[in-house]
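Student: Whenever a hint applies, use it, and build me the whole structure from the sequences.
Read top to bottom, the protein sequences are chains A and B. Using our numbering, the first residue of the first sequence is number 1, and each one after it goes up by one. Using our numbering, the first residue of the second sequence is number 1001, and each one after it goes up by one.
FYI, nobody ran anything at the bench for these hints, they're computed from the structure. In this text the structure is predicted, and so the values were computed from the model without any measurement. Hints should not be assumed to be uniformly reliable.
Below, a sample of chain A positions facing chain B; criterion: calculated Cβ distance under 7 Å [as the list claims (entries may be wrong)]:
1. 88
2. 89
3. 91
4. 92
5. 93
6. 95
7. 102
8. 144
9. 146
10. 148
11. 186
12. 187
13. 230
Ideal Cβ positions, reconstructed from N, Cα and C, are used throughout, including at glycine.
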Amino acid sequence: MSALTTTAVGSYPKPDYLARARSQFSQGKLDRGELEKLERQATQYWIRSQERLGLDVLVHGEMERGDMVAYFAGEPGGQTIEGMKLGGLVRSYGNRYYHKPVISGKLRWPGPMTVGMWRYAQGLTDRPVKGMLTGPYTMVEWSFDDHYPSRRDAVLDMAQVIRREVEALVKAGARYVQIDEPAIHTRPRQDFDLAVEAMARVVEGIDCEFHTHICYGEVELIYPDMLRLPVKQIHLAFKNTNFEYLKLLEEHPFDSDKNLGVGVVDVHTHVLELVAEVKDGIRKTLELVPPERVWILPDCGLKTRTVEEAEGKLRVMMEATREVKRELELD
Amino acid sequence: MKATAVGSYPKIPNRPRPARLRQAIARLDRGEISREELAHVQDEVTIEAINEQAEAGLDLVTDGQVRWDDDQTYIAQRLDGFEIGGLVRYFDTNTYYRQPIVKRPVRWTSPILLRDYEFAAAHSPKPVKALLTGPYTLAALSTDNHYGDRRRLVLDLAEALRQEALALAAAGAPFIQLNEPAIVHTKEDAPLLQEALAKMLDGVKSETALYTWFGDAAGILPALADTPVGLIGLDFVWGPANWDELRHASFSKGLGFGIVDARNTRMETADEIAEQVRRVCEVVPAERLHVNPSCGLEYLPRETAFEKLKTLAEGVRRAGAVAV
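Tutor: If you want it as structure tokens, here you go:
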């Protein structure tokens, strides 16, 4: 890959027809085949959209997933890891509730969970599509555990499950697999070594380029420790804190063997960034990390935006990247 | 020995029972019902929460904090000087609260919890303890854009919350619990907490407790015990080092023994609880013991919370039967 490679983090907004279909499916009013047809239709939309916008490495958009953990734990229409199920409703804030997954037995890989959709999405385009998984630490941290004697036991068994899925994706032809760990800084002092060990068990010896996404939270608590994660790329939500993470990189240089994924648009606001401010963020980053090691992406999955907002943000990201490349005469 | 809760009770049950409060708030947001209609639903759900705690066998209940979004904003919004900001994570949970922002000097203007307490007490078959977020934790979990000095903010909050504690005591609240979970995460501030609580509880006649959770009080239990409260609540699930701390401190207060995991669905057995209670009775006499979950129950589905309280109450009964 060349300088300032562009990609996205994972999820895109679901079109209205799919949101309706998912709700009908969970009420038993639509069969699985019909739902899958609409998921694929929406996936095709996002593949074409990313091609039009000019992204280099694509994501399939997660049209088939509701929540990144619950999808693997009994969510309607999801793919369930053996030993997981959906639990009762728990409040996350305000009037928002979710069905928190439960680890209720020994965790086992149930066979390919994400390969079918990956293969479909990759079949639509010549550009590489990333395999998308949730990391073992986050899977366990965001679930109840009725089974394992310790978090460590649960996380390491979960790592074996995720590893099997990675192997299946790689066998199907995936060149990039992204393993998201947004919960990795929940208990950095007690648990960071465990998260690193678990990631190693997922990826070790597998010939594939691994990325991980770590968003929000107290990134300063796990930098530079996070450089021990055995992945090729780490992406962080830079825009959300107006590039304050760059101070961390000034104090301790970013690992010279790794690529840095730089989130340049905030996914939690309706406000569309200006091309100039995105360019400014990219140029500041380039003072610390060379362009061939910088990837450009949104801060996080865009699923909470409308379709128009999501595409608007990607368009600004692409335009800013192109202008910086032109101005700096990169590739 | 009393079986009690620490604070919140899950606001909505699971299917097939209706999620009335969730629906009512959604309808209020859509402009379909009035604030008064929502308040009516909140009252009814409060009665449900109280009755479930009593039915589970608790001796001392809370109002379930049904009207509270979280421990911070319910108080901060009703004091003068705060505005409410963006979502932030509550300690190491996957639960979020809107962060209070201190914009001006903080002041108490009128009672915040009085009506809630009186309503709960009037509808409860068991004594109700009033819950109040402590001045240290309220300051620690807020953003300060005014004082620029943690101590001054904490002490002003202590004065503001003192008015609230006095109002609750005057209304006959027999037991007021101050929630100070932040202190076990920033132990070096224990002297500030002591100063604040001395100020806050001056002249408050009710029985009082100081509760912590999500960590241990190793190294600061003597400091916590050197405050004018009658009972210290510690989390022995997420802070197992509390065992050693308790054994080594000379501890003469009441203990809130947080022994049922309120953050995981795995069920304890009544015998396990009874065993732990007997163990802690070697250090703290049974008559000074409140046995409770490790923290508020809102991290659990409603049905699991209820089952855990039942098990807890049964464990306390079994331990008591042996002790006698």
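Student: Can the hint on residue 95/A be confirmed by a CB-to-CB distance to chain B that is less than 7 Å?
Tutor: Holds, because the Cβ-Cβ distance from residue 95/A to chain B comes to roughly 4 Å (cut-off 7 Å).
Student: Can you verify the interface hint for residue 88/A: is its Cβ closer than 7 Å to any Cβ in chain B?
Tutor: 3 Å, holds
Student: Interface hint check: residue 144/A, Cβ to nearest Cβ on chain B, cutoff 7 Å. Holds or violated?
Tutor: Holds: closest Cβ of chain B sits about 4 Å from residue 144/A, inside 7 Å.
Student: Have a go at the residue 91/A hint: is there a Cβ in chain B nearer than 7 Å to its own Cβ?
Tutor: 6 Å, holds
Student: At a threshold of 7 Å, is the proposed contact between residue 146/A and chain B supported by beta-carbon distances?
Tutor: 5 Å, holds
Student: Just to be careful: measuring from the Cβ of residue 102/A to every Cβ in chain B, is the smallest value less than 7 Å?
Tutor: 6 Å, holds
Student: Can we keep the residue 92/A interface hint, with Cβ of chain B closer than 7 Å?
Tutor: 6 Å, holds
Student: Just to be careful: measuring from the Cβ of residue 89/A to every Cβ in chain B, is the smallest value less than 7 Å?
Tutor: 6 Å, holds
Student: Hint check: is the beta carbon of residue 93/A less than 7 Å from a beta carbon of chain B?
Tutor: 4 Å, holds
Student: Can you verify the interface hint for residue 187/A: is its Cβ closer than 7 Å to any Cβ in chain B?
Tutor: 5 Å, holds
Student: With a cut-off of 7 Å, does the beta carbon of residue 148/A approach a beta carbon of chain B closely enough for the hint to hold?
Tutor: Violated. Min distance 9 Å.
Student: Do the numbers back the hint for residue 230/A, that is, is its least Cβ distance to chain B under 7 Å?
Tutor: 24 Å, violated
The structure fails hints 10 and 13 (numbered hints given earlier, in ascending order).
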